[in-house]
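> Listed here are the chains, written in short residue letters.
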Amino acid sequence: MPLRFSKVSQPHGWFIRPVIEVSNLYKSFNGVQAVNGISFVIKAGSTVALLGGNGAGKTTTISMLLGLLSPTKGEVKVLGARMPDERHKVLGCMNFSSPYVDLPKRLKVWENLTIYAHLYGIRDVKGRIAELVEDLELGAFLKRPFGDLSAGQKTRVALAKSLLNAPKLMLMDEPTASLDPDTGDWVRGYLERYRERTGATILLASHNMAEVERLADQVLMMREGKIVDQGSPTDLIHRHGRDNLEQVFLDIARGTSADQGPQDGSQEGVGA
Amino acid sequence: MNKMQIPDDVCAPQPKFSLRRVFALMLRHLYVLRRSWPRLLELAYWPMIQMILWGFMTKFFMGHSTWVAEAAGVLISAVLLWDVLFRANLGVSLPFIEEMWSRNLAQLFVSPLRDSELITSLILMSLVRTLISVTPAAFLAMPFYDVWVFELGLPLLAFFTNLLIFGTVIGITVSALILRYGLGAESLCWLGIFLLAPVSAIYYPVDILPGWLQVVALALPSAHTFEGMRGVLFDGVFAWDHFFWAVGSNAVLLTLAVLFFLHMMKMARVKGLLMQQGE
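As you go down the protein sequences, you meet chains D and P in turn. First residue of the first sequence: 0, per numbering that gives the first Met the number 0; consecutive thereafter. First residue of the second sequence: 0, per numbering that gives the first Met the number 0; consecutive thereafter.
Bear in mind the hints are in silico, worked out from the structure with no lab data behind them. Heads up, some of the hints might be wrong.
Stated by the list, open to error - Covered stretches of chain D, as calculated for chain P (at least 3 residues, CB under 8 Å):
(1) 51-58
(2) 61-68
(3) 79-88
(4) 118-130
Where a beta carbon is used, it is the ideal one built from N, C-alpha and C, also for glycine.
With the rest of the complex left out, here is chain P (with noise of 0.2 Å):
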């Protein structure tokens, strides 16, 4: 007990964005990953096995569509970069419901931790558990069907850089509906991407949509970059249109899904919901 002195700066101003707060955060949620190895491989087997999956419908449909035949890694690097999107948004959505699941959110809104170095923590454990994600299956590629999906190059890390930020956006909102609506709105994690990866264009081109549909598509991001990655195999040119379409998008997405989740936060302390958060 000798040692229950207040120190003199423990009132200190607090700096308004605290990278190392940002951390703390994070390394909340890299010692459950560093510990559980069930966890690692999870987030590595479903690309692996969709990899493996489309792996074969594209040996099957080289002798039979000339349009695949084009471009033998189209089906490939498309299933790999939906998984870059698809994982972008369960790396924020599920890191920000377990600290529900854990009953943790007062805790970490009692601490000065602000709201945006939330989301900002929220943004890199997404790309932290992207990478775990993605990067084996792009390996798998190689030796199983003899397609070196980093033969795209550049193109390659703008197509996942704007899918990564998507993913986010919608991880995002995701994370703000869900704690508006509580945990019984959980499987929007799941269910939220998957509404739209129809008008996302993955394995085909936007022109196939109805009319109407190719607005919609031609609004996100993600069909202007796949439809980009199309560009770059088919034709061997990157798309600058699509990619500037994305950027903007996305900057614009980014923006307002922000926006959303600060709104939902003041309705929480309006509503009482981060104290009664929990399973």
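The shape of chain D in the complex, shown without the other chains (with noise of 0.2 Å):
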């Protein structure tokens, strides 16, 4: 595949080549297809959604992306590396975060913390965990354990588990999955000064539109396995006549759209 290189939104201008770069890819299991044959190359510093219905298969590609999972056919590469195989090149300057994979629920916030910062090789391990301590708003819950905690904290930990090693990319299954309205959008805040701060690259998936228009630059629409259409929000809504993404998505999940654009297959970058 060429490399591709574009200006990003970082504060320095460089040019560096994508971050994600996904080619032909495929993914069954026991004959059933959960990706079906996707392409796409996600830029720096971007915010890249990944929208579907259940069983779409945003999971399954999150899950190739990070390497817990060996693609069928087809090539994942991140940062440049060829997942899963190379991964260990790469895991160190990426992180990830669900509400659908726990942190060990017997011990204490600071222990779990403490623990990931020492298999990120992080220098200043109280250093940097009193610093996310400081911008997640920690304190009150840091001594007690995890499992403990309400489903708002419970995010914010597993956030700052995420931020540690303060990584180039992020993937985040349905962040704010669960959370009342206020912690939602008190999340979501984060990730944007996050992103504006650092210049990191954030890949989503979220079934909440409203989070994805407020913070993707752009939107990968799936749906049995396939990248069905793709654009920025805003051009998604314009092109498919419609108000807003919820009905959009509504539009591809049923498959009663009159305008489906890029189909899969496409190989256009997408990103900031």
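Hints are included, so try docking the two chains, each in its own frame, into the full complex.
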């Protein structure tokens, strides 16, 4: 696959290669095609949303990007490393957060963060944790077991864990699922500020269309393991003649859309 | 928010094997042990109960069995060394399934942690847990039954090490099977080791087994170790042949167990098992 270079929205204005390159990717489980020949490129510094109904292939795609799952066919490159074979070259500079993957419940919050700080090779463990405690307002429950926390508190701790290594790439599976509107808004605001300050790339899977409209530069719409449309939220809404992304999502999920843009197989770069 | 800068070295190459990551995983289990006295008590409880039970049996057999009377410590030493094997197995498999119970495997494997570091940390945790388990029982034998197992001297260290390694071999194999077949297979932690107990010749010599079972027994490090222990207690001789058989078969079995575990990790990546684990 040819390399794509693009100016990214980092303060430095570097020219660097895409953060994610997915080419003709397939994954099947016992004959069921979970991901069916998708290709896309994500540029550095962008926030891209992976949308689709349940079973569309979002989590499977994210798992392959993280090196947790081997593709049946095709290629995944993250920060230039082929996944999962070369994952150890890049796992230190990316991270992951999902409400469906826990931290040990019996361990206190500070213990969990300390363990992961060591796993990521953080030099100043106490200093880094102190920064995140301040940023994410974890002080009130730092000494409580993770399993005793509310959903909102757990999300903040999971976010702190995913920020320990100040990742260049963050993969987030439904980062605000089951959160109340206030906490959800706080998390979205934090992610916006994080990307703005660091120029990090964020790929998120979400079912919250308002969240996607707010955070994402670009959207990849998935259905039955394929990318059935992509573009910026505004473009998609305009192209489908709808008022908001939720209506576009329903059109695509139900297969009632009059206009479906770039189909699967497209390798057009997405991002800022 | 003023500290959100990505350091220049965030993507610096990571070492292929990091003791710090091994330590981090051990820390995860030590934090739990440190705070949970019921867990610590449970580790020491069963070996002590076993010791008390077999101690009284030894006292009884002393008057009724010339074989036991010849070497008073033979049953007590056997029960203690059997617990080394049993606890070393659990010392690997329980911390591993604890990661599955807590749905933490995916978090671990998206970090820079390598499979070899995970295995190393499990083996070291096994050593820690085994020492916590059997040390109180070893000291208990002295005041209750006047048996000082440390009298075995350096051979005791050889027996301990061989059984510890064989226990970790079983633990690694069982962990690999649980990774592949899920938490429904978690009882293998306890069942697997008992399958080997009859052919390990813990409380009796190998030669009382049927001929074909003797072949099986002598392929295992455990049978050679218990034969070696009886050699020291009855004849005062350290049987080097049994020792070398135990070391050699341990080396082969440990290599096979690690390769099996790595293969199952690869299978887990193909079948998507790392994201699905949990209760």
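> Which of the listed hints are broken here?
Of the numbered hints given earlier, the structure breaks just one, which is hint 1.
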